[in-house]
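Enquirer: So you can see what is in the structure, the chains are spelled out below.
Number of protein chains: 2
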Amino acid sequence: MSDAFPPPLARLVEALKRLPGVGAKSAQRMALHLLDRDREGARFLVESIGGALDDLTRCPTCRMYRAAEHCRYCSDERSRAGQLCVIESPADLLAIEQHTDYRGRYFVLLGRLSPLEGTGPDELGLDQFAELLRSDWVREVILATNPTVEGETTAYYLSEMARAAGIPITRLAHGLPVGGELEYQDRGTLSHAFSGRRAFEE
Amino acid sequence: MSDAFPPPLARLVEALKRLPGVGAKSAQRMALHLLDRDREGARFLVESIGGALDDLTRCPTCRMYRAAEHCRYCSDERSRAGQLCVIESPADLLAIEQHTDYRGRYFVLLGRLSPLEGTGPDELGLDQFAELLRSDWVREVILATNPTVEGETTAYYLSEMARAAGIPITRLAHGLPVGGELEYQDRGTLSHAFSGRRAFEE
Chain E
0 MSDAFPPPLA RLVEALKRLP GVGAKSAQRM ALHLLDRDRE GARFLVESIG GALDDLTRCP
60 TCRMYRAAEH CRYCSDERSR AGQLCVIESP ADLLAIEQHT DYRGRYFVLL GRLSPLEGTG
120 PDELGLDQFA ELLRSDWVRE VILATNPTVE GETTAYYLSE MARAAGIPIT RLAHGLPVGG
180 ELEYQDRGTL SHAFSGRRAF EE
Chain V
0 MSDAFPPPLA RLVEALKRLP GVGAKSAQRM ALHLLDRDRE GARFLVESIG GALDDLTRCP
60 TCRMYRAAEH CRYCSDERSR AGQLCVIESP ADLLAIEQHT DYRGRYFVLL GRLSPLEGTG
120 PDELGLDQFA ELLRSDWVRE VILATNPTVE GETTAYYLSE MARAAGIPIT RLAHGLPVGG
180 ELEYQDRGTL SHAFSGRRAF EE
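Residue numbers (numbering that gives the first Met the number 0), protein chains in the order written: chain E, 0 to 201; chain V, 0 to 201.
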């Protein structure tokens, strides 16, 4: 289809199509927007991608992205809360920071236990996690892996490690999503919501 | 909101948000996708944007983008059809190339007549258009500006130029969009569809 385009334009459309949620039509619209209307924005995008690729590294402690030497998520102030939240991905960390009041420490697994995909304890950096568990500031491990089979398996494995270290463990609550209607919930969600029911507070 | 992000990540999210149709949520998803899962794609995107900005120039004849010296839309082969289609934007040209069998020549206005926005004949390159009208290969001018008030005004202005040059003029048909339901069409579309009705062919 893009055979009809001048090659540099066809290449730009191809590159934009690799972004998640971007089809051929949107990619074309983005490409022409950058060329016709926002060349400055195009240069900003080039610099920002380059900057992110070059300047962001993994924090060796929490495995989240950090710029240069300092990790904003591993500060002493955050340690003081005594909480360590384990999540699967950087996107989970950003979601928690944006939508909750949690301001404790994190550990990013960058995956979940999955023997089929060859993801074991090594890939998830569980040595580093064990080291964190030995820090004297940790007073609660919050397991926030996804509520999927693999996420639950991972949570179980992590809970065994925290239990061995003698640290209290919590797991994010399961139940009805806010705004979700009862009749449309799947069996697992509904049975979790029932078994996890709490005293009604007025 | 993105105060919580490491600065290079916040900047990348900002840059992606400038793309059309991309909100905060998608921009964040795209940024993490590029960093976590497709760093090669990120570099490809950087090179493609740079390449498009640097290598695409305006064809001095049709005002479409072209790579280097050659304009694929101004070839002698296309001139042989004798047709010159006038459109408002590069996106219109790409839409026609992708969705129709038209393989004649083009002239891209890069706008429409709009006294309020200060867009007059000079901004639309109508000197170049007049020069094209003097080419001996032009046997039909196809007016394909948008069916808006400004597009119609522009079409009228162009038609006067083509008429003065003695060249037959056509305008894209107006009427019901394929798949569009009658009861949801606006007054202009419906009255165009009525007044432009054609003999029924079995």
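I should point out that these hints are in silico values taken from the structure, not numbers from a laboratory.
Hints are supplied without guarantee of correctness; some may be wrong.
The list treats identical chains as interchangeable, and a pair is accepted whether it falls inside one copy or across any two copies.
Derived SDA-like pairs (lysine to any residue); straight-line CA-CA distance at most 20 angstroms [what the hints assert, rightly or not]: (1) Lys16 x Arg42; (2) Lys24 x Gln97; (3) Lys24 x Ser88; (4) Lys24 x Asp35; (5) Lys24 x Val177; (6) Lys16 x Thr188; (7) Lys24 x Ala90; (8) Lys24 x Ala80; (9) Lys24 x Glu139; (10) Lys16 x Ile141; (11) Lys24 x Pro6; (12) Lys24 x Ala3; (13) Lys16 x Ser74; (14) Lys16 x Val45; (15) Lys24 x Glu13; (16) Lys16 x Ala94; (17) Lys16 x His173; (18) Lys24 x Arg36; (19) Lys24 x Ala198; (20) Lys16 x Pro6; (21) Lys24 x Ala9; (22) Lys24 x His98; (23) Lys24 x Ala94; (24) Lys16 x Arg197; (25) Lys24 x Leu115; (26) Lys16 x Asp37.
Enquirer: If a hint holds in the structure, say so; if it doesn't, say that too.
Expert: Evaluation of the provided hints:
1. Taking CA atoms no more than 20 angstroms apart as the test, Lys16 paired with Arg42 passes in both settings, with 19 angstroms inside one copy and 14 angstroms between copies.
2. Only between protomers do Lys24 and Gln97 lie at most 20 angstroms apart by alpha-carbon distance; the minimum there is 11 angstroms, versus 31 angstroms within a single protomer.
3. With identical chains, the CA atoms of Lys24 and Ser88 are at most 20 angstroms apart between copies only, with a shortest distance of 16 angstroms across copies and 30 angstroms within one.
4. With identical chains, the CA atoms of Lys24 and Asp35 are at most 20 angstroms apart within one copy only, with a shortest distance of 16 angstroms there and 25 angstroms across copies.
5. Taking the closest pair of Cα atoms, Lys24 and Val177 come within 20 angstroms of each other only across two copies (19 angstroms); inside a single copy the shortest separation is 34 angstroms, beyond that limit.
6. Taking CA atoms no more than 20 angstroms apart as the test, Lys16 paired with Thr188 passes in neither setting, with 35 angstroms inside one copy and 34 angstroms between copies.
7. Taking CA atoms no more than 20 angstroms apart as the test, Lys24 paired with Ala90 passes between copies only; the shortest distance there is 10 angstroms, against 26 angstroms inside one copy.
8. Proximity of Lys24 and Ala80 under a CA criterion of 20 angstroms is satisfied in neither setting, with 48 angstroms inside one chain copy and 28 angstroms between copies.
9. With identical chains, the CA atoms of Lys24 and Glu139 are never at most 20 angstroms apart, being 48 angstroms at best within one copy and 30 angstroms at best between copies.
10. Taking identical chains as interchangeable, the C-alpha atoms of Lys16 and Ile141 are never at most 20 angstroms apart, the minima being 37 angstroms within one chain and 32 angstroms between chains.
11. For the homomeric pair Lys24 and Pro6, the shortest alpha-carbon distance inside one copy (17 angstroms) is at most 20 angstroms, but the shortest distance between copies (31 angstroms) is not.
12. Taking the shortest Cα distances, Lys24 and Ala3 sit within 20 angstroms of each other inside one copy (15 angstroms), while across copies they are farther apart (33 angstroms).
13. Taking identical chains as interchangeable, the C-alpha atoms of Lys16 and Ser74 are never at most 20 angstroms apart, the minima being 38 angstroms within one chain and 29 angstroms between chains.
14. For the homomeric pair Lys16 and Val45, the shortest alpha-carbon distances inside one copy (16 angstroms) and between copies (13 angstroms) are both at most 20 angstroms.
15. Taking CA atoms no more than 20 angstroms apart as the test, Lys24 paired with Glu13 passes inside one copy only; the shortest distance there is 11 angstroms, against 22 angstroms between copies.
16. When the C-alpha separation of Lys16 and Ala94 is checked against a cutoff of 20 angstroms, the pair qualifies only between copies, where the shortest distance is 17 angstroms, while the shortest distance within a copy is 25 angstroms.
17. In the homo-oligomer, the alpha carbons of Lys16 and His173 never lie at most 20 angstroms apart, since the shortest distance is 36 angstroms inside one protomer and 32 angstroms across protomers.
18. Only within a single protomer do Lys24 and Arg36 lie at most 20 angstroms apart by alpha-carbon distance; the minimum there is 17 angstroms, versus 23 angstroms between protomers.
19. In this homomeric assembly, Lys24 and Ala198 never come within 20 angstroms of each other (Cα to Cα): the closest approach is 52 angstroms inside a single copy and 35 angstroms across copies.
20. Proximity of Lys16 to Pro6 under the C-alpha cut-off of 20 angstroms is restricted to the intra-copy arrangement: shortest distance 15 angstroms within a copy versus 26 angstroms between copies.
21. Taking identical chains as interchangeable, the C-alpha atoms of Lys24 and Ala9 lie at most 20 angstroms apart only when both belong to the same chain, with a minimum of 12 angstroms there against 27 angstroms between chains.
22. Within a single copy, Lys24 and His98 get their C-alpha atoms only as close as 32 angstroms, which misses the 20 angstroms cut-off; across copies the closest is 12 angstroms, which meets it.
23. Taking CA atoms no more than 20 angstroms apart as the test, Lys24 paired with Ala94 passes between copies only; the shortest distance there is 10 angstroms, against 29 angstroms inside one copy.
24. For the homomeric pair Lys16 and Arg197, neither the shortest alpha-carbon distance inside one copy (47 angstroms) nor that between copies (41 angstroms) is at most 20 angstroms.
25. Taking the closest pair of Cα atoms, Lys24 and Leu115 never come within 20 angstroms of each other, the shortest separation being 36 angstroms inside a single copy and 31 angstroms across copies.
26. For the homomeric pair Lys16 and Asp37, the shortest alpha-carbon distances inside one copy (19 angstroms) and between copies (12 angstroms) are both at most 20 angstroms.
Comparing the model with each earlier hint shows violations of hints 6, 8, 9, 10, 13, 17, 19, 24, 25; every other hint is respected.
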